[in-house]
Amino acid sequence: MGAPLIGARIERKEDYRFLTGAGQYTDDVELPRQSHAVFVRSPHAHAVVKKINSAKARKSPGFIAIYTGEDFAAAKLGGLPCGWLITDVKGQPMKEPPHPCLAQGKVRYVGDQVAIVIAETSEQARDAAGLVEVDYEVLPAVVDGSKARAKGAPQLHEIAPENTCYVWAIGDKAVTDAAFAKAAHVTKLEFINNRLVPNAMEPRVAIGAYSRADDNYTLYVANQNPHVERLLMTAFVMGLPEHKVRVVSGDVGGGFGSKIYLYAEDVAVTWAAKQVNRPVKWTSDRSEAFLTDAHGRDHHTAAELAMDKDGKFLAMRVKTTANVGAYLSTFASCVPTILYATLLAGQYKTPVIHCEVTAVFTNTTPVDAYRGAGRPEATYVVERLVETAAREMKIDPAEMRRRNFITEFPYQTPVALQYDIGNYNATMDAAVKLADVSGFASRKKASEAKGKLRGLGYAAYIEACGIAPSAVAGSLGARAGLFEAGEVRVHPTGSVTVFTGSHSHGQGHETTFAQVVADRLGMPIENVDIVHGDTSKILFGMGTYGSRSIAVGGTAIVKALDKVIAKGKKIAAHLMEAAESDIEFANGAYTVKGTDKKKMFGEVAFAAYVPHNYPHDKLEPGLNENAFYDPSNFTFPAGTYVCEVEVDPETGTVKIEKFTAVDDFGKIINPMIVEGQVHGGLTQGIGQALTEGAQYDASGQLTTGSFMDYCIPRATDVPFYQVDTRETPCTHNPLGVKGCGEAGAIGAPAALMNAITDALGVKDMPMPATPQNVWNALKNKKAA
Amino acid sequence: MAVKVSLKVNGKAVSAEVEERTLLVTVIRENLRLTGTHVGCDTAQCGACTVSMNGKAVKSCSILAMQAEGADVMTIEGVAKPDGTLHAMQAAFKEHHGLQCGFCTPGMVMNAIDFAKSHPNPTEAEIREALEGNLCRCTGYHNIVKAIGAGAKAMAAGK
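For the record, the sequence lines run as chains F and Y.
According to the numbering used here, the first sequence is numbered sequentially starting from 652.
According to the numbering used here, the second sequence is numbered sequentially starting from 0.
Source of the hints: derived by calculation from the structure; they are not laboratory data.
Note that the coordinates shown come from a computational prediction; the quantities given were computed from them, not determined experimentally.
Ideal Cβ positions, reconstructed from N, Cα and C, are used throughout, including at glycine.
This list has only true hints and no planted wrong ones.
Derived lysine-lysine pairs resembling DSSO-like cross-links, with alpha carbons at most 27 Å apart: (1) F/K757 to F/K701; (2) F/K1103 to F/K1430; (3) F/K1318 to Y/K145; (4) F/K970 to F/K802; (5) F/K1414 to F/K1103; (6) F/K1214 to F/K664; (7) F/K925 to F/K702; (8) F/K664 to Y/K80; (9) F/K1433 to F/K1096; (10) F/K664 to Y/K93; (11) F/K1309 to Y/K145; (12) Y/K93 to F/K1318; (13) F/K839 to F/K824; (14) Y/K158 to F/K664; (15) F/K1188 to F/K1214; (16) F/K1210 to F/K664; (17) F/K1084 to Y/K145; (18) Y/K7 to Y/K158; (19) Y/K93 to F/K1309; (20) F/K1433 to F/K1306; (21) Y/K152 to F/K664; (22) F/K757 to F/K707; (23) F/K1432 to F/K839; (24) Y/K158 to Y/K145; (25) Y/K145 to F/K1306; (26) Y/K80 to Y/K55; (27) F/K664 to Y/K145; (28) F/K1248 to F/K1214; (29) F/K1214 to F/K1318; (30) F/K1433 to F/K1103; (31) F/K1101 to F/K1433; (32) F/K1433 to F/K1095; (33) F/K1318 to F/K1210.
Which stretches of chain F does chain Y cover? Using the computed rule of at least three CB atoms under 8 Å from a CB of chain Y, they are: (34) 655-665; (35) 669-683; (36) 851-860; (37) 1156-1168; (38) 1331-1340; (39) 1362-1375.
Hey, can you work out the whole structure from these sequences and the hints?
Here's what the structure looks like:
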């Protein structure tokens, strides 16, 4: 046996192809006789589509076809469905307005699809689309979530009065109010969790293809969950049987949530491929991505924390308005409710919590899950409140947290979740040490000597990952199961191909999963290949989001491996003429207890496929097993982040001097990959707090619609990170894993804003902390 | 109107019939089917389309194909040795986990190789500055910066 594979920093199997230009992203796929599509999109945030004149476009060189909402209605194509039903405070279902693939008489945000134009080349499609004349009657727009319910606000959907999708609540309001009444101190904050544009570096791409010969469709699409894409598209939109549709999602250049959803373009190219009897390819450009990829966050929140005189938390009260945009995207409804309010206990023993969420429609791009999805918003509420409370009560912020940490597990929170395990003091202690908090005072002095302001902030986050126990999700409104599937195909000479329903779009599953498989089977990692992203190859899959891949997808593989090993035991017992109960499997070998008899895994596999001497009366030939795994609980990664900043009061520029992250992800398979996930998450979180923020003008134009106007972090915006881990293995999956994909994005914004407000000596300031916002905060402080 | 452009790509003479408005990246991706060069934006910010033209890293989305007439272009497909062994910079990215989804990677590597030629032992600040025109959404740049530092040293050592 070589070195252990679990916990090893193994270089990634997928890197060679990415480093040599051999990756196969969807835009790299070129099908014979492929045509190209461009969408005519609304330039207005809210308008009636009065007339579409395509006469000039039809005469344009290379023109093949144009389809509008009328054609889609005639073809009886359904609207895009929402996968999660929220029941409101009155027991009524949320309002679900139709979400047509192509506009049916009205457009509701800039970028809304009006027509698909197909031509021989992408340039010709663009030219032809530019010649389509659309006559709009422009209507007033509402873009700000906090104004959507105001009297006289423009109404988006007939079935949603006051632009309200739902008013939902969790927790006991009366008990919470009573606890507030007895509090020695109450800390209050009001803030906006800024709207973000995900901006995976690979824009979305969809290629529809249709074969008349066998009446089959294939959709090549940059997507995080091909089976869910297929299920939604076939069963809910196109009315097709699933066996006639294949969805392929090969190499995907980042997702961060934005490629979970079924988008109008995916349906349109698939349907159009049959109409023109040619493959139809659409590649988003970055401008389209800004307008049409589902955005993230956009909450207006008022939050209060009640404490006794020692800073012990008594209760929390939160009221949030969530802007879901113009239509309900695939999982939009569960993000500001189930994935948000259930996390408001954080790492603390807050005994009672009440949260009310109002989801509203506005004339903006639909909002859905973006890295962290609800949990960054929750962490921001909790950790900004806790840090502010500590400052107000003059208690050290780390000490304030320690006084309130949950220390006994399992722990039932007042907001539905039950944490299985954690050690919050361990991650806090490690972070305080690694961040050299004890040296902060002298560093602050040194900054002051230079005329600079220095601040330090914490965030002790928790997240619910490993999404999700289907029964729990179902009881909360999920319209799908949230299990995962895996298949282990052992080849005759003992090498292994594993098919997983998880999807990798940068996470490195081909390596991490192979480490798990090779470890369990006692074979070199080179003997294992991981396959994902094709409904014609993979058994089934719920895909990758919510940091679920290793905890749910990885466990499904482990369950299938258990079956392979068990069947191998039966074969080995026969081959070695021993009782099955005496067979043991370790380090790739089957042995008979108490003897030196031994058969290697490869020999057993060979016997399964060349069954000359084989127990046909007891076993089928072959060695190929699959498993579906439905988790019994969420997993609860948690940790402490410490951020230290230096602010130039003259320019308002914030420099991140140190960023320390200590996470508990349970067992870690590949620390190198885990650290990479943390680095990336932290940077997106820092982006939210420091540089990013989608802005609409009053008419509904996105004024931050390119990389020139919307600043995703550059290399110069971030430091080298100090990351470490502590480990409490998850109690309810065999690997003891929790998931690590979103943590950084969840914890970073609060830590950074806590540091900046500490440096400035202000209670609050808006994200992003651009030089202008910082400078204004200082100016307002002086004025006050 | 179609025009003919002739250039050298990865050491091979190639030519293509293109429109005047056709970009170099389109020739590379669509005419030559070298799909390792990616398009990540339309404002020349992201750098995923970076190739080497006459020995300098350029953004191939910002150059008309006609401007590359007679040029010597190298794309990511031409970087590794003919036997498939990775270039020192590619190897450094692999070793330091300087890539995740891989989409920005070819542009990162092309820019890094050009940068390393003039910076055999770069500082962290120099590397971060040099990445101004290359965006990555996955890695937080941490491991990219480490990889470029190590790759530059390896290149200087003749590896």
